[in-house]
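Undergrad: Please construct the entire structure, taking both the sequences and the accompanying hints into account.
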Amino acid sequence: MTWSDGVTESTQRPQTRPTQLPYLPPHLRNKYNNGAISSMPTSSLNDDYANNNANSYGFTTESTQLPLGRGGRGYGHRGRGGGRGGRGRFHQTQEQDPYNIASKFGELEVNVDDDSPESTNFAAYEDIPVEVSGSEVPSPASSFEEIDLGESLNRNIKRCKYVKPTPIQRHAIPIALAGRDLMACAQTGSGKTAAFCFPIIHAILKLNRLSKPGRVAFPLALILSPTRELACQIYEEAKKFAYQTRVRVVVAYGGAPIVHQLHNLEKGVDILVATPGRLVDMIERAKVSLSMIKCLALDEADRMLDMGFEPQIRKIVQQMDMPPCGSRQTMFFSATFPDEIQRLASDFLSNYIFLSVGRVGSSTDLIAQRVEFVPNMDKRNHLMNLLRGQEANGTNGKHALTLIFVETKRGADALEHWLSLNGFPAIAIHGDKVQMERERALKSFKSGYTPILVATDVASRGLDVPHVAHVINFDLPKDIDDYVHRIGRTGRAGKSGLATAFFSDQNVPLAKALVELLQEANQEVPLWLNDYAKRASNIVGGGRARRFGGSKFGGYDFRRDAQYEIENDPYSSTYGSFDGTTSSYDLSHTNSYAATGVDSYSTGSYGHEFSHETVEASGWD
DNA sequence: AAAAAAC
Numbered sequence: 001m002t003w004s005d006g007v008t009e010s011t012q013r014p015q016t017r018p019t020q021l022p023y024l025p026p027h028l029r030n031k032y033n034n035g036a037i038s039s040m041p042t043s044s045l046n047d048d049y050a051n052n053n054a055n056s057y058g059f060t061t062e063s064t065q066l067p068l069g070r071g072g073r074g075y076g077h078r079g080r081g082g083g084r085g086g087r088g089r090f091h092q093t094q095e096q097d098p099y100n101i102a103s104k105f106g107e108l109e110v111n112v113d114d115d116s117p118e119s120t121n122f123a124a125y126e127d128i129p130v131e132v133s134g135s136e137v138p139s140p141a142s143s144f145e146e147i148d149l150g151e152s153l154n155r156n157i158k159r160c161k162y163v164k165p166t167p168i169q170r171h172a173i174p175i176a177l178a179g180r181d182l183m184a185c186a187q188t189g190s191g192k193t194a195a196f197c198f199p200i201i202h203a204i205l206k207l208n209r210l211s212k213p214g215r216v217a218f219p220l221a222l223i224l225s226p227t228r229e230l231a232c233q234i235y236e237e238a239k240k241f242a243y244q245t246r247v248r249v250v251v252a253y254g255g256a257p258i259v260h261q262l263h264n265l266e267k268g269v270d271i272l273v274a275t276p277g278r279l280v281d282m283i284e285r286a287k288v289s290l291s292m293i294k295c296l297a298l299d300e301a302d303r304m305l306d307m308g309f310e311p312q313i314r315k316i317v318q319q320m321d322m323p324p325c326g327s328r329q330t331m332f333f334s335a336t337f338p339d340e341i342q343r344l345a346s347d348f349l350s351n352y353i354f355l356s357v358g359r360v361g362s363s364t365d366l367i368a369q370r371v372e373f374v375p376n377m378d379k380r381n382h383l384m385n386l387l388r389g390q391e392a393n394g395t396n397g398k399h400a401l402t403l404i405f406v407e408t409k410r411g412a413d414a415l416e417h418w419l420s421l422n423g424f425p426a427i428a429i430h431g432d433k434v435q436m437e438r439e440r441a442l443k444s445f446k447s448g449y450t451p452i453l454v455a456t457d458v459a460s461r462g463l464d465v466p467h468v469a470h471v472i473n474f475d476l477p478k479d480i481d482d483y484v485h486r487i488g489r490t491g492r493a494g495k496s497g498l499a500t501a502f503f504s505d506q507n508v509p510l511a512k513a514l515v516e517l518l519q520e521a522n523q524e525v526p527l528w529l530n531d532y533a534k535r536a537s538n539i540v541g542g543g544r545a546r547r548f549g550g551s552k553f554g555g556y557d558f559r560r561d562a563q564y565e566i567e568n569d570p571y572s573s574t575y576g577s578f579d580g581t582t583s584s585y586d587l588s589h590t591n592s593y594a595a596t597g598v599d600s601y602s603t604g605s606y607g608h609e610f611s612h613e614t615v616e617a618s619g620w621d
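Count the first sequence with UniProt numbering and you get residues 1 to 621, in order.
Calculated directly from the structure, the hints in this document are not laboratory data. Take these hints with a grain of salt, some might be off.
BS3-like, lysine-lysine: derived pairs with alpha carbons at most 27 Å apart [as the list claims (entries may be wrong)]:
#  : residue 1 : residue 2
1  : K478      : K534
2  : K294      : K267
3  : K294      : K212
4  : K294      : K315
5  : K534      : K433
6  : K409      : K433
7  : K409      : K443
8  : K379      : K315
9  : K287      : K267
10 : K379      : K478
11 : K267      : K212
12 : K433      : K443
13 : K478      : K409
14 : K379      : K534
15 : K212      : K164
16 : K206      : K158
TA: This is the structure we're talking about:
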């Protein structure tokens, strides 16, 4: 992870940096001058460069300190990040793939930009199913030129080597530029960070009222994240996009000394990226005021509004000095968006547009999912056999990392210990570890030094680790959405991935939703699991279809199913996008929006998917 | 019953 090594470690113990450097696989070291990062000098990627770069960051993390443009060193943050590895499914491999690792595999569809813009992949691109609903939806844009974010942003888009907007960007950016509120479903890695960062930066530039230094910071935009690591990831992205715009981006999160963050705030902040706890702390210390907020963005929004987070979010958004709903712009982004969370989110939104980008080319299409019945008692032995099998196959090591999810922090430590005892190089990450340990664990895993990471759900969302070949749900999560996010850690960079779940009798409540998910992803459903699902369906109502409308869309506008609630709900005004004519909201027709002044459209086909020749390359067969 | 997120 990138978030604190440059900030604290390198300033406190700069002499230790060399051993802390992100590992760069030997076979990749001399391959950086190809394709999209052609401007990058090969020499800039040797260890010396990384070393210098890391040191040069110090804790001066403001955007203007980036070495971009000097010898084309630029955007990768290579010295610290170790490469966050994009999924490479779209044309923006570089967005999360500073090393351009994806293209190194030579088996990706993503670099079509380089030579043949008209290649067939563009056709697939157009076919990604998109669903939009809401009133007066701005038209999608097919190119960045068409969007025209202004000179400096256009320059940064070019620097990022973004050639064409991804589907989520094509739709979300015009919506955001129009100042509309937005609820967007899109897989991580599909460019959603850029989808909200570009419009935010554009809006701030247009305001022409950049923040000044001062004892109290008045950010114009706030981006919230559920984990510290994700906050840092967004921060790094936003910094790239804001390069040389004089828009200042600052990050605030717990577990790290607050003084550095406060110092950065005092220098002025336009965009604040934060985790909730630290932000509340800063507001209560009167170091930050939200009174100038023009735009609020929540990433992994469904997590931000779940039981644990909702009060904090409510506090930040409704009980501090943030301008009320309607006089600010609010955007929610997530890969999964259950009904009940949509309902909560609508409290914070005004006349919003719902946008869902299909899953083509994202997680479930590239991931082979297996579910095995394993009683709790047998889990360790079963895991051992699995790992031994990988060893025998050669399908482990630096480029086939294994991520094991467990339910509890204690369980993570215990399993790490047990694996280590049995000769498997494993390390655990969870929220009881201090930040330094979390970071070290992640780095050790990313580098392949410990190719097995045992994790709690701290690692289930937003975490970008390249080369995760296998996700093992040692303990299955209670919530199917968590499962979706977890397995989304593999199948990255266009490579296929494997997800194995240990299903025990404690997971019966999950059976139905799991079966539906497997079916949706064209995965084989074990007979015994089907039996559980049938039996469980009597006990546990609903399932995935309820939330996802049985489609391949990543989400489904809950307002479509909300007729009676609209009629009876005292908060029905929050559904203002339906023009108040709720009674004419006819659910019997899919296209009923048109009749009620609510526009809705779908594009693309369900059947078309990227073709990947990478399945056999994964080594899991 | 658990995880995450402030000091």
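Undergrad: Are the hints correct? Go through all of them and say.
TA: Tested hints:
1. Among the hinted pairs, K478 with K534 is consistent with the structure: their alpha-carbon atoms are about 18 Å apart, no more than 27 Å.
2. About 20 Å separates the Cα atoms of K294 and K267, which keeps this hinted pair within 27 Å; it holds.
3. With a CA separation close to 16 Å, the supplied pair K294 and K212 stays within the 27 Å bound.
4. For a cut-off of 27 Å, the pair hint linking K294 to K315 stands: about 17 Å separates their Cα positions.
5. Restraint check: the Cα-Cα separation between K534 and K433 comes to about 40 Å, which exceeds 27 Å; the hinted pair is violated.
6. As the CA atoms of K409 and K433 are separated by approximately 9 Å, the hinted pair is consistent with the 27 Å bound.
7. For the given pair, K409 sits about 19 Å from K443 by alpha-carbon distance, which is consistent with the 27 Å threshold.
8. With a C-alpha separation of about 41 Å, the suggested pair K379 and K315 falls outside the 27 Å cut-off, and the hint is violated.
9. For a cut-off of 27 Å, the pair hint linking K287 to K267 stands: about 12 Å separates their Cα positions.
10. Pair hint K379 plus K478 holds up; C-alpha atoms about 18 Å apart against a cutoff of 27 Å.
11. For the proposed pair K267 and K212, the alpha carbon gap of about 7 Å is at most 27 Å, so the pair holds.
12. With a CA separation close to 14 Å, the supplied pair K433 and K443 stays within the 27 Å bound.
13. With a C-alpha separation of about 16 Å, the suggested pairing of K478 with K409 holds against the 27 Å cut-off.
14. Between K379 and K534, the direct Cα distance comes to roughly 25 Å. Compliance with the 27 Å bound is thereby established for this hinted pair.
15. With a CA separation close to 34 Å, the supplied pair K212 and K164 exceeds the 27 Å bound.
16. Proposed proximity of K206 and K158 is supported: the alpha carbons are some 20 Å apart, at most 27 Å.
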